[in-house]
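Engineer: What follows is each chain in one-letter form.
Protein chains: 2
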Amino acid sequence: MAGIFQRSLRLRTALRHLSPQSPLSWTVTGRHTPLDLHCPFLPSTSWQFAVCSRKLHTGGDRPSPAAAPDRLPFSRITQEDLAFFRKILPGRAVTDPDLLESSNVDWLKSVKGSSELLLRPQTTEEVSQILKYCNSRNLAVNPQGGNTGLVGGSVPVYDEIILSTALMNNILTFDSISGILTCQAGCVLENLSLYLEDRDYIMPLDLGAKGSCHIGGNVATNAGGLRLLRYGSLRGTVLGLEVVLADGRVLDCLSTLRKDNTGYDLKQLFIGSEGTLGVITSVSILCPRKPKSVNVVFLGCETFEQLLKTFQLSRGMLGEILSAFEFLDSECMRLLNTHLKLRNPISDCPFYVVIETSGSDSTHDGEKLHNFLEKAMTSSLVTDGTVATEDSKIKALWSMRERVTEALTHDGFTYKYDISLPVERIYQLVTDMREHLGGRAKSVVGYGHVGDGNLHLNVTSPVKDPALLAAIEPFVYEWTASCNGSISAEHGLGLKKRNYIYYSKPSQAVALMGNIKAMLDPKGILNPYKTLPDDLK
Amino acid sequence: MAGIFQRSLRLRTALRHLSPQSPLSWTVTGRHTPLDLHCPFLPSTSWQFAVCSRKLHTGGDRPSPAAAPDRLPFSRITQEDLAFFRKILPGRAVTDPDLLESSNVDWLKSVKGSSELLLRPQTTEEVSQILKYCNSRNLAVNPQGGNTGLVGGSVPVYDEIILSTALMNNILTFDSISGILTCQAGCVLENLSLYLEDRDYIMPLDLGAKGSCHIGGNVATNAGGLRLLRYGSLRGTVLGLEVVLADGRVLDCLSTLRKDNTGYDLKQLFIGSEGTLGVITSVSILCPRKPKSVNVVFLGCETFEQLLKTFQLSRGMLGEILSAFEFLDSECMRLLNTHLKLRNPISDCPFYVVIETSGSDSTHDGEKLHNFLEKAMTSSLVTDGTVATEDSKIKALWSMRERVTEALTHDGFTYKYDISLPVERIYQLVTDMREHLGGRAKSVVGYGHVGDGNLHLNVTSPVKDPALLAAIEPFVYEWTASCNGSISAEHGLGLKKRNYIYYSKPSQAVALMGNIKAMLDPKGILNPYKTLPDDLK
Numbered sequence: 001m002a003g004i005f006q007r008s009l010r011l012r013t014a015l016r017h018l019s020p021q022s023p024l025s026w027t028v029t030g031r032h033t034p035l036d037l038h039c040p041f042l043p044s045t046s047w048q049f050a051v052c053s054r055k056l057h058t059g060g061d062r063p064s065p066a067a068a069p070d071r072l073p074f075s076r077i078t079q080e081d082l083a084f085f086r087k088i089l090p091g092r093a094v095t096d097p098d099l100l101e102s103s104n105v106d107w108l109k110s111v112k113g114s115s116e117l118l119l120r121p122q123t124t125e126e127v128s129q130i131l132k133y134c135n136s137r138n139l140a141v142n143p144q145g146g147n148t149g150l151v152g153g154s155v156p157v158y159d160e161i162i163l164s165t166a167l168m169n170n171i172l173t174f175d176s177i178s179g180i181l182t183c184q185a186g187c188v189l190e191n192l193s194l195y196l197e198d199r200d201y202i203m204p205l206d207l208g209a210k211g212s213c214h215i216g217g218n219v220a221t222n223a224g225g226l227r228l229l230r231y232g233s234l235r236g237t238v239l240g241l242e243v244v245l246a247d248g249r250v251l252d253c254l255s256t257l258r259k260d261n262t263g264y265d266l267k268q269l270f271i272g273s274e275g276t277l278g279v280i281t282s283v284s285i286l287c288p289r290k291p292k293s294v295n296v297v298f299l300g301c302e303t304f305e306q307l308l309k310t311f312q313l314s315r316g317m318l319g320e321i322l323s324a325f326e327f328l329d330s331e332c333m334r335l336l337n338t339h340l341k342l343r344n345p346i347s348d349c350p351f352y353v354v355i356e357t358s359g360s361d362s363t364h365d366g367e368k369l370h371n372f373l374e375k376a377m378t379s380s381l382v383t384d385g386t387v388a389t390e391d392s393k394i395k396a397l398w399s400m401r402e403r404v405t406e407a408l409t410h411d412g413f414t415y416k417y418d419i420s421l422p423v424e425r426i427y428q429l430v431t432d433m434r435e436h437l438g439g440r441a442k443s444v445v446g447y448g449h450v451g452d453g454n455l456h457l458n459v460t461s462p463v464k465d466p467a468l469l470a471a472i473e474p475f476v477y478e479w480t481a482s483c484n485g486s487i488s489a490e491h492g493l494g495l496k497k498r499n500y501i502y503y504s505k506p507s508q509a510v511a512l513m514g515n516i517k518a519m520l521d522p523k524g525i526l527n528p529y530k531t532l533p534d535d536l537k
Numbered sequence: 001m002a003g004i005f006q007r008s009l010r011l012r013t014a015l016r017h018l019s020p021q022s023p024l025s026w027t028v029t030g031r032h033t034p035l036d037l038h039c040p041f042l043p044s045t046s047w048q049f050a051v052c053s054r055k056l057h058t059g060g061d062r063p064s065p066a067a068a069p070d071r072l073p074f075s076r077i078t079q080e081d082l083a084f085f086r087k088i089l090p091g092r093a094v095t096d097p098d099l100l101e102s103s104n105v106d107w108l109k110s111v112k113g114s115s116e117l118l119l120r121p122q123t124t125e126e127v128s129q130i131l132k133y134c135n136s137r138n139l140a141v142n143p144q145g146g147n148t149g150l151v152g153g154s155v156p157v158y159d160e161i162i163l164s165t166a167l168m169n170n171i172l173t174f175d176s177i178s179g180i181l182t183c184q185a186g187c188v189l190e191n192l193s194l195y196l197e198d199r200d201y202i203m204p205l206d207l208g209a210k211g212s213c214h215i216g217g218n219v220a221t222n223a224g225g226l227r228l229l230r231y232g233s234l235r236g237t238v239l240g241l242e243v244v245l246a247d248g249r250v251l252d253c254l255s256t257l258r259k260d261n262t263g264y265d266l267k268q269l270f271i272g273s274e275g276t277l278g279v280i281t282s283v284s285i286l287c288p289r290k291p292k293s294v295n296v297v298f299l300g301c302e303t304f305e306q307l308l309k310t311f312q313l314s315r316g317m318l319g320e321i322l323s324a325f326e327f328l329d330s331e332c333m334r335l336l337n338t339h340l341k342l343r344n345p346i347s348d349c350p351f352y353v354v355i356e357t358s359g360s361d362s363t364h365d366g367e368k369l370h371n372f373l374e375k376a377m378t379s380s381l382v383t384d385g386t387v388a389t390e391d392s393k394i395k396a397l398w399s400m401r402e403r404v405t406e407a408l409t410h411d412g413f414t415y416k417y418d419i420s421l422p423v424e425r426i427y428q429l430v431t432d433m434r435e436h437l438g439g440r441a442k443s444v445v446g447y448g449h450v451g452d453g454n455l456h457l458n459v460t461s462p463v464k465d466p467a468l469l470a471a472i473e474p475f476v477y478e479w480t481a482s483c484n485g486s487i488s489a490e491h492g493l494g495l496k497k498r499n500y501i502y503y504s505k506p507s508q509a510v511a512l513m514g515n516i517k518a519m520l521d522p523k524g525i526l527n528p529y530k531t532l533p534d535d536l537k
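Chains A and B supply the protein sequences, listed in that same order. Heads up, the first sequence is in my numbering, so the first residue is 1 and it goes up one at a time. Heads up, the second sequence is in my numbering, so the first residue is 1 and it goes up one at a time.
Worth flagging that the hints you see were computed from the coordinates, not collected in a lab. Careful: at least some of the hints might be erroneous.
One copy or two, it doesn't matter: identical chains are merged, so the pair holds either way.
Said to hold, decoys possible - In silico lysine to aspartate or glutamate, EDC-like type, Cα no more than 16 Å apart, as pairs:
1) Lys416 <-> Glu406
2) Lys309 <-> Asp200
3) Lys292 <-> Glu101
4) Lys309 <-> Asp175
5) Lys416 <-> Asp81
6) Lys292 <-> Asp175
7) Lys442 <-> Asp411
8) Lys292 <-> Asp200
9) Lys464 <-> Asp535
10) Lys109 <-> Glu190
11) Lys87 <-> Glu125
12) Lys393 <-> Asp348
13) Lys290 <-> Asp348
14) Lys309 <-> Asp206
15) Lys464 <-> Asp534
16) Lys442 <-> Asp70
Computed from a predicted structure; not experimentally measured.
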């Protein structure tokens with residue numbers, strides 16, 4: 001198969017671009033969201049990361065692939081520009097440095113830009129006017145939703161104009177028969193969830209950052225999250241988008257249809273493109289019914305092989321009500337015990353599983369769960385377990401999975417990786433990393449979304465340790481690439497990971513991405529320095 | 001909202017392109033597949049449709065928008081070309097006219113090309129060599145899977161080289177834990193289904209044409225089908241593609257990961273692009289577990305409003321086990337009685353519903369169904385109904401929905417439309433069409449997939465009737481456009497519908513599609529005359 005050749009080529013390309021690699025030297029300053037939906041691998045101690053890190057060499061001759069490139073030759077904002085923006089956005093063209101502060105910095109406080117202008121449009125027409133003007137003036141623009149991204153994609157790198165969707169927060173329509181919601185891009189995910197729950201529906205995605213993230217940003221980053229196992233990705237649930245292109249043209253693909261095969265599906269270009277191809281202004285999305293019954297179980301397995309068999313059994317016996325299958329290893333449990341004083345609710349095991357069911361009939365769901373557990377126990381797939389049906393106990397069991405990230409922050413400096421792999425391989429990376437690092441790491445732990453093949457690999461050290469990092473990278477990326485895995489399962493590439501793309505995508509594909517960028521944004525004004533690697537620019 | 005303006009513009013553009021319109025004059029010669037998954041609106045009596053129809057004017061000064069444009073200036077095949085193909089595909093470069101016959105004609109026998117060369121590669125590398133050569137020689141290529149398409153997209157229009165995926169039929173991998181299947185593009189859908197059923201999985205799509213259609217063709221046309229309500233579209237279930245571009249480059253996006261956010265999702269470009277942007281050579285797809293329990297009910301409703309309320313109730317009470325919600329009207333039932341002697345299994349009603357459940361526990365599914373039916377009856381949403389759990393009775397009930405198409409062929413000449421609409425509007429089009437046509441039509445019937453908002457509108461006449469057609473079109477398209485519907489829910493545009501695209505897509509979007517085509521296939525050799533409207537070429 002040519003595919004094998006291509007993948008081999010991909011790996012070689014990745015190595016050529018990225019190895020040997022300058023060790024990075026960041027510390028964790030941000031707190032993580034529940035369930036580790038947002039577990040970046042590259043947090044930084046420095047507020048000046050973006051601008052200064054190019055000069056930080058810590059062991060190699062070349063700058064880190066994650067460092068910001070030099071500022072591109074965009075125009076600088078003039079008084080005439082300000083006058084224009086103040087005219088079209090009265091009171092909503094912000095230049096006060098105090099007000100700009102929080103929009104210039106990502107929530108991990110790892111990247112800081114120096115934008116002097118924050119625009120807060122309310123309508124698509126205003127976004128169109130802004131971009132048309134910026135394109136004609138060669139002014140760079142950083143589209144920003146709730147600014148909860150973890151790869152430095154949601155903040156300016158230099159002086160890009162920040163275009164916030166915060167005031168575009170109207171729900172436009174909701175069809176209670178089809179469950180299709182249409183809203184502006186700046187609607188906060190949690191507000192949409194609350195709106196829908198009153199109408200017996202839920203959003204098809206749920207994130208730890210739901211209290212502040214915007215649906216437009218969720219779509220722009222193709223956010224994954226907790227419900228992906230059950231309801232699939234945004235590529236299936238987003239039915240339509242309205243997007244403003246770099247030159248101000250409005251692209252109306254705001255369909256509210258489940259089926260439409262008239263030409264190419266242009267909206268897919270913008271899902272997951274991190275604001276580099278257009279600014280999403282409205283979204284239509286298919287919403288599932290609110291489940292009437294939710295159960296959670298916490299189980300222990302002796303081996304990861306048994307854990308995988310348990311997953312397989314749950315898919316067969318829980319079938320349509322299975323809504324989450326998460327895991328953590330005994331090292332995670334040790335950290336929960338040690339640092340957070342959380343008591344293991346079952347007996348000690350090498351692996352633990354959190355399973356959630358969501359269904360329309362509590363009696364049926366309870367019976368299915370009972371039958372599944374009986375089979376899992378009698379087959380010796382699981383050695384111990386406990387079930388929760390009440391809210392408080394459900395939360396307590398979930399916390400064993402959710403609070404691993406918090407426990408890690410108490411264990412020391414943490415190197416974090418968000419890796420997608422074929423499900424049967426996800427724990428092998430942890431084992432191999434442990435063996436590879438030997439005594440150099442304090443802890444090497446693995447947890448994550450088994451159902452999605454998404455591993456959160458974390459390595460701790462008493463203090464930040466460039467030598468340890470040099471041992472982890474590029475090992476972790478090479479290992480992932482050798483399994484055709486993804487080095488960014490759900491966080492995107494943003495500023496920080498853009499140059500690592502070759503580990504997961506062949507050079508042909510990256511070149512084509514560059515062609516698409518050039519076609520849609522020939523001047524490159526939209527979210528520069530993000531997503532695409534520097535060698536394409 | 002700019003969106004409203006855009007849609008208004010879209011409609012005006014559509015009218016400018018397509019109205020007034022030459023009446024068309026086709027008859028139905030093809031038989032339809034079960035469940036009317038393939039119900040084209042433009043079948044033709046003429047084998048020479050593609051080449052000759054440009055000259056067939058029947059009431060207007062301009063050719064039909066569905067007619068083939070003039071042949072584009074591609075090269076013609078030489079002896080040197082043949083020698084090249086025979087060398088790289090020994091015994092698989094077919095020139096025998098008898099063997100070419102079936103590949104030159106679509107299965108409706110409505111479009112016939114005049115290709116003199118059929119290539120049958122076995123590997124991606126061979127496809128790459130073919131396209132590299134064709135691109136350099138400016139030879140047009142018609143990619144062909146199972147040739148079950150209904151819009152003239154799967155056959156040559158003139159002398160394009162037919163590139164068949166029939167010999168690319170190997171299953172590459174199947175992961176029994178994740179349910180992810182990887183296979184070559186020429187695998188027949190039914191063969192994949194049988195392979196998976198042995199392993200306790202099913203394909204996430206099911207089509208009437210499954211016995212002959214290829215998975216590559218399914219993906220290239222974004223096939224919908226029976227299971228869309230439950231498992232979503234191919235845009236969510238297809239995880240990866242390997243594609244050969246027009247110039248022979250192999251694009252390896254054959255990921256087998258549920259999550260991958262490293263750059264733009266290029267595979268989406270090729271899903272639903274009908275072979276105009278690249279040739280799909282391999283597919284990876286996420287497969288659901290095989291349901292252990294299936295039930296079917298047949299219900300009657302007094303009004304369409306009650307039918308919609310029944311749909312809403314079923315979503316709430318059947319929840320995760322609802323797998324189909326189909327409808328037919330009393331006119332359909334009359335045709336089933338009259339022409340096929342099928343007896344109505346319940347009392348006469350204006351509307352009938354077929355509901356299917358698929359679940360993992362037959363007792364639970366039966367209880368849910370019972371509770372739902374009791375509620376629907378006591379709320380007077382449905383007036384009568386019958387349930388089937390045995391295979392033979394399930395088939396009998398399904399046949400009331402499946403055989404409507406067959407009954408229509410006995411009623412006279414049939415004008416068929418496959419329309420996607422907001423679910424609450426789908427029957428209004430039938431009512432309005434009935435009123436609009438008055439006594440001019442013999443029958444005006446509506447049936448389709450309520451769950452997907454997909455209406456099959458059919459109008460019959462004793463004989464073909466250009467005046468009747470002129471009354472139907474552009475009325476049906478304008479009506480659909482006024483509701484932001486789609487004039488092709490699942491069949492694509494192909495040759496026959498390419499110029500109707502403006503009814504469902506704004507001109508900005510169509511122009512961007514043209515840019516994408518020019519970027520990926522600058523010489524336009526891949527499936528020319530298809531998908532994109534003539535005014536872009």
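Engineer: None of the hints should be skipped; say for each whether it holds.
Structural biologist: To see whether the hints hold, each was checked on the structure:
1. Lys416 <-> Glu406: within (13 Å within a copy, 60 Å between copies)
2. Lys309 <-> Asp200: between (35 Å within a copy, 15 Å between copies)
3. Lys292 <-> Glu101: Classified as neither: same-chain Cα gap 43 Å, cross-chain 57 Å, threshold 16 Å.
4. Lys309 <-> Asp175: Close across copies (13 Å), not inside one copy (41 Å); limit 16 Å.
5. Lys416 <-> Asp81: neither (42 Å within a copy, 55 Å between copies)
6. Lys292 <-> Asp175: neither (20 Å within a copy, 32 Å between copies)
7. Lys442 <-> Asp411: Classified as within; 8 Å inside a copy, 78 Å across copies.
8. Lys292 <-> Asp200: Cα proximity of Lys292 and Asp200: one copy only (9 Å, versus 28 Å across).
9. Lys464 <-> Asp535: neither (30 Å within a copy, 61 Å between copies)
10. Lys109 <-> Glu190: neither (23 Å within a copy, 53 Å between copies)
11. Lys87 <-> Glu125: Result: close within a single copy only, 14 Å intra versus 58 Å inter.
12. Lys393 <-> Asp348: Classified as neither; 19 Å inside a copy, 52 Å across copies.
13. Lys290 <-> Asp348: Intra 35 Å, inter 35 Å, cutoff 16 Å: neither.
14. Lys309 <-> Asp206: neither (27 Å within a copy, 28 Å between copies)
15. Lys464 <-> Asp534: neither (27 Å within a copy, 62 Å between copies)
16. Lys442 <-> Asp70: neither (36 Å within a copy, 72 Å between copies)
In terms of the numbered hints stated before, the structure departs from hints 3, 5, 6, 9, 10, 12, 13, 14, 15 and 16, listed from lowest to highest.
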